[in-house]
Every structure is written in C-alpha cells, then in structure tokens.
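> Generate coordinates for the entire structure from the input sequences, incorporating the hints supplied.
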Amino acid sequence: MIYEFRTYDLFPGNMPKYEASLTDSLSAGRLDHSDLFAYFYTEFGPLNQALHIWPYESLDARQAIREETTGIIGWPPATGAMLDGQAADIYFPAPFNDESITGAQGPFYELRTYTYATGETPAVIDTWGKAIDERRKMSPFIGAWYTELGGLNKWAHLWGYSSLEQRAEVRKEAVAKSVWPPKGAPKPRTQDSKLYMPFSFSPLK
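Mapping of the sequence shown onto the numbering used here: residues 467 to 671, in sequence order.
Please note: incorrect hints may appear among the correct ones.
As the list claims (entries may be wrong) - For lysine-lysine, the following BS3-like pairs were computed, each having C-alpha atoms within a straight-line distance of at most 25 Å:
(1) K671 with K660
(2) K653 with K603
(3) K483 with K671
(4) K671 with K653
To be verified - The calculated label-pair distances, taken between Cβ atoms and stated as ranges, are:
(5) V641 with I531: 39 to 45 Å
(6) D599 with K671: 19 to 25 Å
(7) A544 with A589: 41 to 47 Å
(8) S566 with V641: 27 to 33 Å
(9) T584 with P559: 16 to 22 Å
(10) A583 with P543: 24 to 30 Å
(11) S644 with L497: 38 to 44 Å
(12) S644 with P542: 14 to 20 Å
(13) I539 with P588: 42 to 48 Å
(14) L497 with E635: 32 to 38 Å
(15) T581 with P669: 38 to 44 Å
(16) H499 with V641: 40 to 46 Å
(17) K653 with D564: 25 to 31 Å
Hints are computed from structural coordinates only; laboratory data are not their basis.
We put the beta carbon where it would ideally sit given N, CA and C, even for glycine.
Given below as structure tokens:
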C-alpha cells in the first residue's frame with residue numbers, strides 16, 4: 467500500500483471556487499476508479515493550500531488508475547488557472563496504522579512532518595509502535611507514513627481534534643502523563659506542522 471500526498475498552492479481568493487469545481491469533478495466518476503482518503507485545506511500554516519491524499523495498492527496501480535482516469539468526464543478538474551504550484555510525495559504506511567479509519571475524526575487535522583537522520587526510520591517505527599496505543603486513546607490518530615521515494619527520511623503523522631482547545635489539552639496531558647512523545651525515539655532533524663480542515667467532500671470530516 468502507498469499513499470500519495472498531493473499539495474496544491476492556490477492563488478488567494480480561489481478556495482471557494484476550487485471547492486465547487488472539485489465537488490462537481492469528484493462526483494462525475496473519478497471515485498469509481500479508486501478511493502479518496504482525505505481532502506483538506508489549510509487553516510493555519512501556509513495559507514491557500516489544498517491537500518488531497520490518495521491510497522493505492524502499489525505504484526503500478528497508481529499509474530494504471532491515473533492513466534484510466536485521464537480524460538474521463540470532469541477529470542482532471544478545470545482548476546489549472548487557480549494553481550500557483552503543485553507538489554506530490556509518495557509515502558508508505560506505518561505498520562500500526564488503522565487503514566479503515568474515516569468519517570468524523572476532526573474537524574481540525576494536524577499534519578506534522580519530520581525528517582530524521584539517514585537510517586533512523588526503523589527506530590522511529592519501533593518506538594512509535596510501542597507507544598501509539600496509549601496516545602491514540604487521547605485523540606484520533608489518523609496515521610503515520612514514511613518516504614522511500616522523493617525526499618527521503620520524511621515521517622508524516624496526522625491527528626484529529628474536535629477543537630483547538632482539545633488539541634492544546636491533549637498535547638499537555640500526553641506530556642504530563644509521559645504518554646508522548648515516544649520514549650527512546652530518535653530526535654527529528656526538522657519539524658513542520660500544518661493545521662487543516664476538511665472540504666465538504668472529504669471522507670475524513
């Protein structure tokens with residue numbers, strides 16, 4: 467299983483029009499070909515960004531689906547004039563993810579992206595795997611993913627919160643109870659955080 471994280475930078479003022487366009491395009495048949503995991507827009511961090519996350523069985527499956535959906539009715543959506551830039555990352559899921567998670571887990575979603583020193587990803591997976599069950603009791607753990615293609619040694623993890631107040635309370639409680647961060651985990655070299663909210667058509671609400 468792989469996950470494609472596609473980030474689009476929109477020119478300011480285009481987000482409502484972008485959402486309307488995607489609402490029409492996705493309902494026209496694209497989702498008959500493969501599932502959509504989530505579709506978000508930034509609320510804090512770099513503004514005017516849209517993130518869509520697509521799971522595929524493999525890189526070959528991704529390529530085949532992209533080829534068969536190119537040119538179907540409504541796809542790709544007519545949003546090119548709204549976009550200032552695009553980026554894509556291919557991630558592999560951590561073994562402790564719940565691949566079936568969906569629905570109302572937010573509406574606030576924090577995506578934190580870390581980079582680690584070369585060779586440390588196995589230790590990250592091991593230490594997180596030992597600690598994640600207690601942490602996920604405190605707020606929805608949507609998933610963690612690591613890169614093997616493109617920018618290497620990246621570790622992305624996504625969390626759901628019902629409010630900004632809950633996020634602050636949970637993070638404080640997790641540290642106070644020594645639940646999180648995972649004991650013995652390697653220290654990241656870089657850290658980045660973005661707070662997202664879901665589009666109306668996102669499977670994660």
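> Which of the listed hints are not met by the structure?
Hint check: 4, 10, 12, 15 fail, others pass.
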